[in-house]
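Participant: Chain by chain, the residues:
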Amino acid sequence: MDFISVLSIFVMACFVGYYVVWSVTPALHTPLMAVTNAISSVVIVGALIAAAAQGSPVARWLGLGAVVLASINIFGGFAVTERMLAMYKKKDRK
Amino acid sequence: MSFVGPLETTPSMAQVMPAELGVNPWAALAYLIAGVLFILALRGLSSPATSRRGNRFGMAGMLIAVVTTLITHEIAGLPEIIGAIAIGGIIGFVTARRIRMTAMPQLVAAFHSLVGLAAVLVGVAAYFNPEAFGILDGSGLDILAQSRIEMGLGVAIGAITFSGSVIAFAKLNGNMSGSPILLPGRHIINLGVLALIVVLVVLFHWDTPALFWAIVVLSFAIGFLLIIPIGGADMPVVVSMLNSYSGWAAAAMGFTLHNTAMIITGALVGSSGAILSYIMCKAMNRSFLSVIAGGFGADPGAGAGGGAAKVDRPWKRGSAEDAAFLMKEAETVIIIPGYGMAVAQAQHVLRAMADLLKKHGVNVKYAIHPVAGRMPGHMNVLLAEANVPYDEVFELDDINGEFAQADVAFIIGANDVVNPAAKTDKSSPIYGMPVFDVEKAKTIFFIKRSMGGQGYAGVDNDVFYMDQTMMLLADAKKMVEDINKALAD
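Chains D and Z supply the protein sequences, listed in that same order. Heads up, the final residue of the first sequence is numbered 94 in the working numbering, and it's a clean run with no missing numbers. Heads up, the final residue of the second sequence is numbered 1489 in the working numbering, and it's a clean run with no missing numbers.
Hints should not be assumed to be uniformly reliable.
The following residues of chain Z were derived to be distant from chain D, with all beta-carbon distances above 12 angstroms [unchecked claim]: (1) Ser1051; (2) Thr1072; (3) Arg1097; (4) Val1108; (5) Ser1139; (6) Asp1142; (7) Pro1180; (8) Ile1228; (9) Ser1319; (10) Val1343; (11) Leu1356; (12) Asp1462.
Calculated pairs, DSSO-like style, for lysine-lysine (alpha carbon to alpha carbon, straight line, at most 27 angstroms) [claimed, not checked]: (13) Z:Lys1423 - Z:Lys1328; (14) Z:Lys1358 - Z:Lys1477; (15) Z:Lys1282 - Z:Lys1316; (16) Z:Lys1359 - Z:Lys1282; (17) Z:Lys1423 - Z:Lys1442; (18) D:Lys89 - Z:Lys1358; (19) D:Lys90 - Z:Lys1359; (20) Z:Lys1426 - Z:Lys1440; (21) Z:Lys1328 - Z:Lys1442; (22) D:Lys91 - Z:Lys1485; (23) Z:Lys1365 - D:Lys89; (24) Z:Lys1426 - Z:Lys1477; (25) D:Lys90 - Z:Lys1477; (26) Z:Lys1426 - Z:Lys1328; (27) Z:Lys1328 - D:Lys89; (28) Z:Lys1440 - Z:Lys1316; (29) Z:Lys1316 - D:Lys89; (30) Z:Lys1426 - D:Lys90; (31) Z:Lys1282 - Z:Lys1328; (32) Z:Lys1328 - Z:Lys1316; (33) Z:Lys1423 - D:Lys90; (34) D:Lys91 - Z:Lys1477; (35) Z:Lys1328 - Z:Lys1485; (36) Z:Lys1477 - Z:Lys1282; (37) Z:Lys1328 - D:Lys91; (38) D:Lys89 - Z:Lys1359; (39) Z:Lys1359 - Z:Lys1485; (40) Z:Lys1358 - D:Lys90.
Worth flagging that the hints you see were computed from the coordinates, not collected in a lab. Just so we're clear, the structure is a prediction, and the values are computed from it rather than from any experiment. Don't be surprised by glycine CBs; every beta carbon is placed ideally from N, CA and C.
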């Protein structure tokens, strides 16, 4: 994939992000931050590549360290978002 | 098919991991699907009804990204990797379960710092083992110049995210004073360091290890320097901004790895944080630059209109019984919560109060200002935690017209967001900030710990001294409990 294709995906994704985020209701802005936090831990992909590869032991250990950090974020971020979202309820019908 | 990952374009990679070539288009497709699932995760948040499904999409996307990475790479030691995921997973999960909802801003800041640090570690690992990342040039010895620049950028943004978030965490968590720390000449220093980082990233085009380490060290330093002058009141903007940075760091890493999932996610998170920062700035009528420049709330000259004169102005003190009596008789009560409610952990007793009022036939509504609390949506989460139905909670624009018909405006832990000076006093530091028109309500109850303290902006508030205002001076939770007792009698 050449640079221009990568850049195109990036630019398009920025536009998608712009419209999707404006449609998020302000009441859910805290869960929005928590979930974006969780998904930005997709850097774990890079961490796994470094942790899996042979060659440089330094790179492996750095990778494993990054896997731990990103995992904290992924599990913590999704779990705390789930916990928050479960609290949002509509009025009981009386 | 042109939609193939980076591996096919670099011949050296084909030699290293020949097994991957066959799987590669599928891997690229899987990463794309993960990216789309992340978009759907955010899309779900457009309403509380669809939000949980959205969160599940996010989890599925992450699972796909991780599994795809693991099955398309030769793994030297799977147990270590599983162990690392398990350690991180347990820490994250337990933290997420145990954290108090009022501590959510700190938690989010802490999580941002981890993303930043992880991005730095990945960047450094890629520098040590470029072969594994498929970023070697034709000779198989040097890293591609373009990849070096992308890496430098990713590491720089990651490091700034890390150290900036650590400071934001310390300020929000109370490990560090929330007041701005102003170094002399900080603007010059900060701009100089930022410019230097940019220059170094460009120079990194020519591979020199010293440059790489200089970028890392300077970026850690600038993260600290950028956040220490920013005061507690501006933390909603800072947390959003760091949210944005963590996204851009992921995107830069995605460029290095040519990974669609990372690029899409980075762009999403980057825009999300940027939009939240914009919303917060707008809600305070401040420019993003003035927030970043810092120092707000530190200037003793600000709001000097108050000064000695304000002490002498007459104000009325109310009691819990007064509040209970007047609210019981009211038709409509609008509750305006602020950060003080979070500090006092008063959200549950507040809900109990609303329930008691409803039993007396009172119509209870909640009004939330975009910058109430220490992060976007902070008050909404706390009210949701206390089981307040979200259809009783209103945004500024939706409810502001209703104060004129309201019998009672009940202000608990908020201050600047109800200050009419924002509408009338051009010299006020908060002038132009959209505020609630509480002064139009027939009666105002204002819960505050004492008359001495002021809002974060350090401005006096005319609402204290109005004829229809009764000050309820006490800890917010204690006061609401007393009101509840009086209501129950």
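Participant: Checked against the structure, which of the hints given earlier come out wrong?
Facilitator: When the structure is compared with the hints, numbers 1, 2, 3, 4, 13, 15, 16, 24, 26, 29, 30, 31, 33, 36 turn out to be violated.
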